Structures are given as structure tokens and as C-alpha cells.
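What follows is the residue order along each chain.
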Amino acid sequence: MNFPILSSLILLPAVGALFLFFTRSNKENNITVKYVALFTSLVNFFLSVYLWILFDQSTSEFQFVEDRVWIKDLINYKVGIDGISILFIILTTFITPLCIISVNNSIKNRLSEFLIAILIMESFMIGVFCSLDLVVFYLFFEAGLIPMFLIIGIWGGTRRVYSAFKFFLFTLLGSVLMLIAIISIYWISGTTDVVQLYELGIDAKYQNLLWLAFFSSFAVKTPMWPVHTWLPDAHVEAPTAGSVLLAAILLKMAGYGFIRFSLGLFPVASEIFTPLIYTLSVIAIIFTSLIALMQEDMKKLIAYSSVAHMGFVTLGIFTIQQQGLEGSILQMISHGLVAAALFLCVGVVYDRMHSRLINTYGGIVSIIPKYSVLFMLFTLAALGLPGTSGFVGEFLILMGAFKDNFLVAVIASLGVIIGAAYMLWLYKRVVFGKLVNSDLKQMVDLNKSELFILSCLAVPTLFFGFYPEPLINTIEVSISNLIKVYNFNLISN
Amino acid sequence: MEISIIALPLIASIISGFFGKFIGDRNSEIVTSFLVTISAILSAIVLYEVIINQYQDNIVIAKWISSGSLDVNWSMKIDPLSAVMLVVVTSVSSLVHIYSIGYMSHDPHKPRFMAYLSLFTFAMLMLVTSDNFIQLFFGWEGVGLCSYFLIGFWFKKDTANSAAIKAFLVNRVGDFGFALGIFLIFYLFGTVNYTEVFELIPTIVDKNLLFLGININAIDLICLLLFVGAMGKSAQILLHTWLPDAMEGPTPVSALIHAATMVTAGVFLVVRCSPIYEYSELALNVITIVGMSTAFFAATVALVQTDIKKIIAYSTCSQLGYMFFAAGVGAYNVAMFHLFTHAFFKALLFLGSGSVIHAFKDEQNINKMGGVWKKLPYTYTLMIIGTLALTGFPFLSGFYSKDAIIEFAYLRGNTTGYYAAGIGIITAFLTSIYSWRLIFKTFHGDYNNKNIKIEETHESPLVMLIPLIFLSIGAIFAGYTFKELFLGYGGINNFWQESIFFLEPLSTDHPPFWFLVLTPILVILSIPVAYYLFVKNKNLSNQIANVNKPLYQFLINKWYFDELYDVLFVIPSKKIGLFLWKFFDIKIIDGFGPDGISSFIKKCSLKANKFQSGFIYQYAFVMLLGFSALLTFLIVK
Chain A
0 MNFPILSSLI
10 LLPAVGALFL
20 FFTRSNKENN
30 ITVKYVALFT
40 SLVNFFLSVY
50 LWILFDQSTS
60 EFQFVEDRVW
70 IKDLINYKVG
80 IDGISILFII
90 LTTFITPLCI
100 ISVNNSIKNR
110 LSEFLIAILI
120 MESFMIGVFC
130 SLDLVVFYLF
140 FEAGLIPMFL
150 IIGIWGGTRR
160 VYSAFKFFLF
170 TLLGSVLMLI
180 AIISIYWISG
190 TTDVVQLYEL
200 GIDAKYQNLL
210 WLAFFSSFAV
220 KTPMWPVHTW
230 LPDAHVEAPT
240 AGSVLLAAIL
250 LKMAGYGFIR
260 FSLGLFPVAS
270 EIFTPLIYTL
280 SVIAIIFTSL
290 IALMQEDMKK
300 LIAYSSVAHM
310 GFVTLGIFTI
320 QQQGLEGSIL
330 QMISHGLVAA
340 ALFLCVGVVY
350 DRMHSRLINT
360 YGGIVSIIPK
370 YSVLFMLFTL
380 AALGLPGTSG
390 FVGEFLILMG
400 AFKDNFLVAV
410 IASLGVIIGA
420 AYMLWLYKRV
430 VFGKLVNSDL
440 KQMVDLNKSE
450 LFILSCLAVP
460 TLFFGFYPEP
470 LINTIEVSIS
480 NLIKVYNFNL
490 ISN
Chain B
0 MEISIIALPL
10 IASIISGFFG
20 KFIGDRNSEI
30 VTSFLVTISA
40 ILSAIVLYEV
50 IINQYQDNIV
60 IAKWISSGSL
70 DVNWSMKIDP
80 LSAVMLVVVT
90 SVSSLVHIYS
100 IGYMSHDPHK
110 PRFMAYLSLF
120 TFAMLMLVTS
130 DNFIQLFFGW
140 EGVGLCSYFL
150 IGFWFKKDTA
160 NSAAIKAFLV
170 NRVGDFGFAL
180 GIFLIFYLFG
190 TVNYTEVFEL
200 IPTIVDKNLL
210 FLGININAID
220 LICLLLFVGA
230 MGKSAQILLH
240 TWLPDAMEGP
250 TPVSALIHAA
260 TMVTAGVFLV
270 VRCSPIYEYS
280 ELALNVITIV
290 GMSTAFFAAT
300 VALVQTDIKK
310 IIAYSTCSQL
320 GYMFFAAGVG
330 AYNVAMFHLF
340 THAFFKALLF
350 LGSGSVIHAF
360 KDEQNINKMG
370 GVWKKLPYTY
380 TLMIIGTLAL
390 TGFPFLSGFY
400 SKDAIIEFAY
410 LRGNTTGYYA
420 AGIGIITAFL
430 TSIYSWRLIF
440 KTFHGDYNNK
450 NIKIEETHES
460 PLVMLIPLIF
470 LSIGAIFAGY
480 TFKELFLGYG
490 GINNFWQESI
500 FFLEPLSTDH
510 PPFWFLVLTP
520 ILVILSIPVA
530 YYLFVKNKNL
540 SNQIANVNKP
550 LYQFLINKWY
560 FDELYDVLFV
570 IPSKKIGLFL
580 WKFFDIKIID
590 GFGPDGISSF
600 IKKCSLKANK
610 FQSGFIYQYA
620 FVMLLGFSAL
630 LTFLIVK
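Chains A and B, in that order, give the protein sequences. Residue numbers for the first sequence follow numbering that gives the first Met the number 0, so the first one is 0 and each next one is one higher. Residue numbers for the second sequence follow numbering that gives the first Met the number 0, so the first one is 0 and each next one is one higher.
For the record, the hints were derived by calculation from the structure and aren't laboratory data. Be aware that a few hints might be false.
Here are the simulated distance ranges between beta carbons [claimed, not checked]:
1) G590(B) to M442(A): 35 to 41 Å
2) F462(A) to N450(B): 34 to 40 Å
3) L209(B) to F54(A): 40 to 46 Å
4) I600(B) to G189(A): 35 to 41 Å
5) M442(A) to T158(B): 49 to 55 Å
6) L502(B) to V458(A): 45 to 51 Å
7) A544(B) to P274(A): 54 to 60 Å
Which bits of chain B does chain A cover? Going by a derived footprint, with three or more residues having C-beta under 8 Å, they are [stated by the list, open to error]:
8) 140 to 149
9) 182 to 193
10) 428 to 442
11) 575 to 588
It should be emphasised that the depicted structure is a prediction, and the values quoted were computed from it without experimental measurement. Backbone N, C-alpha and C fix where the C-beta goes; we use that ideal spot for every residue, glycine too.
Using the sequences and the hints given, assemble the complete structure.
The following block contains the structure:
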């Protein structure tokens, strides 16, 4: 493979952003600006689909590897993918164009800057999912903060500055420790190349501290309980497209990090800290579900439900079972689609009524029926109804967890009941009931672009609910290899 | 051909749901009814093949989930058990589809309604034809979803919405147990396919597990967990609260979902898993006790309700209890027989009551009816047939199935068996009383409705009456025709083959003669009793209610289950949620976390700020202080 397809994926959005940077935006060429951004992201999407076609599912080796010296004897720019990372790359390239289409209704000023932020973000996210060098990973991982910080801080709501700083503080705090850990790994092993580190292994006596340092960063980004409080604030203040990116992709970086680094590099420590993860995950699932039940703000409700869903993900990852790990990845992909769609759904009514409060609405089903149907579909996917993608992941995770620990699986399953409660209650209060607020009568149903975006998300949500095989086949070999290596390292240490 | 039985309702649903606007109301109704009717005819052919040629098949449609050793297919299993269910589901469904054309004629959302009905039929068929537990779960939640849609069909009614959510959530509680049961099966066997699991069951008979601190036999645990799911879906006591509320939905829905098909899924599950349940004495006893408690409890509540649909709903609950205790005493085939006959007469009663409600222009309170039997002759006759069949009047279908249940409970020969038989007889009597109360209050006595004149009440149109006539044929003859086939008296044939498993063959003895005639005599006697109480001497029934005021209150408030659950679960969940949010997240985590730290730093820097006053004498003073402190330190050292 001579053509550097991964680097192209990373660079293309940045080039698009650069192009936008030099086109001064004004009212007239807003549309041109948007088309440039959309075109760039679409090319990237098709490129990633092409990548999926070329991808060889039968091996767990890293593919499309590019290895270039960056700083001699110190850091190599090394990228490559396996079955675990490719799906996240496709998720990123799939969600980004949808975000760009969605901006017409919500972003009124500085459109071109906003699109630049989104494209840069896409570059960084793809970088995160394919970097095979710890330093490169760290750079992408942290750089992703900056566009998000700007998106919240510039285009956000009334409390945007508070939320932006809270977001920044929380996430930065964890990352500093991870940086120290990466430097230590370099001192211990003499390399930051992930593939080499997999082969070398890291001495068991260092693993605990290193694991905790990585954990502190990933836990904040996941977010896990109790460092989740930045997420509801960030979501509430972020513009719709920002929320979508945050929920669909940014949160997945940590889950990916757990699988790739915590399990891959520190199996001994992972084994030791599994009870910690289980406890925090279960608390996240139950507590945040109960909190979601009581929310008055739609975005906050969905944000809290995201925390609960990510609780399932972390639970599944640390079962170190085929079902649990595959379930986690499916759950992350599914959450990427469904949470994105739910935030877009909130965005749709927000654009019309400028309120996110649940009690503003009620009885809108007959006014905007198309919206109600799609919103219902995503509500059902969020509560994990069989036949939607939400079910497959959740069920596999719980299956895996049950193999490992009865109690954890039982408590986590309770979360499924509360999940149904808060989602259905939300839907009932927003969509059903009598029309009390007469302003709602002026609402117009989904326009073409909204309908298109939501349908784009609805199709895979349903398709992978009935037929998740394409996803499972892609990750299967890599996951079973991961578990094999993990258990091997555990014994040999 | 077999796959089209499942596919046709799905296609019908998609056509009506997405293209209903384009093809129009009438066409949606015709398309859905037509396709589901074809599905019913095909099902009948399949059942015929199964009976005559012992036809069995397991068709794999597509792969669904395969992860590690987990391998789940979309499949269609045809055996005697699923063939019977196919016929019950599609035949009642097609009749309900046709009936709905008349019943919903004034509703503005007909295509949506028909789409839901067809979608429900699809999900129910997926449930009964599954060859593994996960597809069963798919159907299980799918029918729950359609039930949610249909209960909340009149979305402007707040009560309907709440009832819909309640139904879904209570069912989710059941599904919670069910899912854990599936996890446990997968944990023990590494597979979720029926045939493989059932083959492996005898190998773990003595296996014990430590589950949440309890040491329990693995098979017992599987059975109990699966039964929790069955309790939720079949509205058994403790998880029954959603069923009466579900009557908020349109009446055809109640007939199809909450009488004939969905609520019997729990019974189906237990029968389907007979190869597991047969090894668990404990679970069978629990099922018997839950079943008979429900039968009795629901019958007592039905005695005092005034909403015509709620009476029938509690009656359904009670009859499901009968089915469960039949299964609990090991007579799975009898449970299936009662399920089969019940589908006809209970759907008949529900649709009949729908016809009454239609006649009274949406009045459901039986105290506001009465005296209209001459105005509604067909509905009246059909309701009488349904009631006779339900109460077990000799030679109608309920007679064969219900008496068989009581007989087998008696023949079980142990304490729970005798006890169940006793409760069964008492409940049969109560059933008869409340059923005739309904008939007498609705059709006899004085006309009590102030809103519409008696002349305005009218008989329903033919499109509603014809399905009723079909069902009444079933209610009369289904018992007599199929009893040999289902019960296999005298060992004539073995219709069920391997689909129902008996560890030990069922007893072929006969109970004593007095026992056999006891129930029919009570049932016949109850008619004059009910007539006297509710028509001849109405004051007497009021007096009885007044004398036993606390008991009456207890019954009319349905044993206070709803109030209890509110106090135990609903209110605490909300309070805890609020506490965790307002106090834990905001005060503790944020208060000590980011907000606390930032305000702390702010305070510190404010303090530090004060030092930079710019006055030389202050700086000099501080310098002097520091210098003297350093000096003192050095000297003392």
C-alpha cells in the first residue's frame, strides 16, 4: 500500500479548513463556504468507506501502516488501523458531513470559522483513532479539546464561558497525568511505538501507576462517574452541531483509549483495577439514569443518559470477554448514531421555539408528525429496543458482564428499566398530550435537510439492529486477538 | 410459504404506516386486513400439515448476532406448539383487523392504527416462531412496544399516555428477569438455541450456583428468572398493574393484545421451556401458587368494578392465572388448550363490549347502561355465548379447558395441587358471578343512561358483527372439536410430539364423579344467583357492599397495589434522582471539584492581590518582619 490513505484522511479536512481560512466569509458567500466544507468532509467519508472495502477482516495485524521519522530517535509519526479503530474512523467521517449540513439553522454568525473548527476537529479525531505512537496519540487527543473549547465558548449559549472552562479544566487535569505516564513509558521501554510496546510488554511493577494515569484522562473524557459533571453543562451550552460531535465522537476517544492502551499495554493493572471500573460503571448507570429522570432540560437529560450509556461501555470493556468487548464497540457506534440524532432532534425544536425546556412542549405530534416519528425511533434506540442498534450492544455487554460477575450484571440491567422510564417520559411530555402552549401551532415540520440528516442516522440505527454482522465481522478477529494477547500477558507476568 | 406468514403482516404494516396517506384510509384498511387474512389462511394450512403429516421445520432466514460462541439467527421454527400459536394469533388478528374497520370508522388516524395492529401481529409471530431465546426476546419486547403504541393511541388523553408508559415499564421489569434468565442460560451452556439448551439441561441437574449470596440450583434459578418475564407479560399478580390501565386503548386492541395473544406469551414461554421446567419442582410450585393467587385475586376485583372493559381485563388476568397453574401442575398441554379456547371467547367478549360501547357512544360504565337487550339483539346473543363459554357452561369451549385444568390440579396429588384445585373451583364460581353481573347490568334492568336516549342506541354494522360471529363459533365449538387433539384423552395420538416435554407421563386417572360435576353445578347455579342480586333485588347487592365497607373499598381499589408501588418505587426513584442531581452532582462534586477549586484559587489570588498595594511603607514593614523572623530563627538555632 503505497498511497498514504490514512494520512490523507487526517490531512484532507485540515486542508479544507485552510482553504476556508483564506476565503473571507460574508453573507453572500456563506453558501460557498458551506459547500466547500461539505465537499471536503464528503470526500473524506467516501475515502473512509473505500478504506473499509480495502480492509482485510481476517487479520488482527495493523494495516495501512505509515511510519515516518518525525524527531530522530525520539518520535515517529506512525499510523495504522485494525478492526477496532476502523469503525470509529468511519463513524467520524459519517457524522461530520451531517454536522456540516445541520449548521444552516443554528449558526448565524462566523459561519466559516465554525466550519473550520469542525473540520479541524475531524482531522484530530481521525488522528486519534489511527495513531500508533503514544506521543502522536497524545497530541491528537489533546488537540481535539481546542476546537471543542472554541465551539462551546464562541457559539454557545448564555453560560458558555463557564461551561467551556469547566470542560477544559476537567479534561486537561486528566491529560497532564497521561502525558507524564507517556514520558515514563519512554524512559522505561525506550520507545513510544505502540506496536513495539505490545511486543515488549511493560514491567508489571510500573503498570499500576501508569494505568491510573491513563485512567484519569480517559475517565474524564468518557465521562465516568464522578467526573462527569462537565458533560451536561458542555452539552447544554454547545450549539447543536457541537453537541453532536461531542456526544458522537469525542466521548468515544476514551472508550477507544481504554481498549487500545489500558487493556493492551497494562493487562496486569487492568486486571487489578477491574473492580474499580465495575463499581464506577454501575454507579454511573444507576445514578445518572435516576438523575436523567428528573431533568427539565432536554439536552441535559440526553447528556445524562449519555453518561449512563458510556457506563455500559466501560463495563463491557473490562469484562475482557468477546461478547462484552464487541458489545462495547457496538454500543459506542450505536450511541454515536443515536445520541447524535437525539441532540439533532432537540436542535430541531430549539431552532423553532428557542427553548430546551421540556415543559415548553407537549402535544406536538399532530403539528410535526415526521419529526415525531423519527424522534420516536431514536427514543426507542436509546432505550435499547431489540431491532435497533442500541439493543445489540447493550445486550452483548450485559451478557459478557454476567459471565464475569452476576451482581454487576444484575445492577446494570436495572439501568435498562430506568432508561426506558426517562426516555419514554421525555417523549410523552414533549410529543404527546394536549397542546397547551398555543405558540407551538406555528411550528413547521422537518425541512428537507433536517429530514435528510435524521434519515441518514435512522437507516444505520435500524439496519445494524437487524443485521449487525458487518460491524461484528470487522472487529471480531482484532478483539479475539486482543483477548488472547491480554490473557497471555497476564499469565507470563 | 412459511416465511410469508410472518412477512405479510410486516409488509402490511409498512404499507399502511408509511404510505397510508397516499393510498387512503379505506385502502390501508383493506390492504392490512387482506394480508393478515392471507397469513391466517396460510397458518391454518401449516397447522393442518402439522396435524396430518407431523410436519416440522426450522427455517433459518438470516444471521443476526454472532459474537464468540454466541450464534443467533433470524429463524422460524415450526412445530405443533408454534403452529397452534400461529393459528391463534393470525386468526384473531385478522378478525380484529376487519372489526376495526367498523369500530374505528370515526377516527382520523386509521392507517396508523392498522399499521400498529399489523406490526403487532408481526412481532407476535416472531415471538412464537423463534428457535432461540434472543429472537423470542425480540418478539417479546416488540409486542410490548406495539402494546405501548396502541394503549397510547389516543395520544391527547393524558391517562392513555401514562397507561402506555406504565405498561411498557412494568413489562420491562419482567423483561429484566427474563434477560437475566437468558444471560444465565448463555453462561451455563454457551448457547441460546432451544434445541441445544434443552439437550444440555439434564447434564446440570445437580449444579448449584451462588447467585447474589444465595445458593440455589441452577435450573431452579433459570426457571424462576424466566418466569419473572412471563409474569410481566401475562400480568400475573405483583406485575399485573398495567393490564387494567391498558384498557385506555381502543377496544379492538384490548381484544387482540390484552386478551387473545400478547398476554398469553408468558404461558407460551413456560410451555415452550417445559424441558427446563420439568426439572424444577420449586419453579413449578411457584408458578402454581402465583397462577392461582392471580386467578383468585383478579376475580375478586372483577366483582366490584364498574368499567365494562376493566371487568373483562381482570377476567383475563384471572384466566391467565388458570393457564399458569395448569402449567405449574405439569399439564402444559392443558394450559395450551385453555390458551386456545380463551383466545376465542375472550376476544369475543372484548369485541362484544366494544360493540356495546359503540352503541352507547363511548360510555364504559355498566351502571350507566341496562335494558337494551332488545335494541342490541345480536350483540346481546353473542355476549351471552362468550359469557357461557368463559364461565365454563357445559359443552361450550371453556367447559372443556377449565374443567381439565381443575382436574389435573386435583390429580397432581400433592398439597399445592389440591389447594389449586380448590381455589380453581371457587374462582370458577366468582368468574360466573362477575360475568353475569356484567351481562345483567349491561343488558337487563332499567335503562340508566342520561346522556343519550335509548332510541339512539343502535346495533353495530355488519363489518363488526361478522368477526364476532366467527369468534362465537370458536367459543362454542373449539373446546369440543380440539379436546382430543390437545389433551389426547386415552392416548389416541401424540399431537405435541417433542414440543412439550413431560418428565413423567401425565396421570390418566379420573377424579371422583362428585368432583367432576361440582364446577358445572356451581356455574349453572350462579346464573340465578347473579340474576337475583343484580336485576331482581338490586338493593341486596348494595347492602352487602355497605355492610362490608372496608372489604368493598379494598376490592374497588384493586388491593391497593398501585398506591403501594407508588410509595415503594415511583416516588423514591424521583426523590433519589433529584437528590443525586441537586445535592450530589451540584453541591458535592462540582462544589468541591471545579467550582470549589476555582473559587479557592480566586480567593487566594484576591488575598495575594492585597499585598501588592503599592505603598512603600507596607513593603518595608513586611520586609522588616521577614528579616527579624529570619534573624530570630538563626539565633535560636
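Violated hints - listed by number, lowest first: 2, 5 and 10
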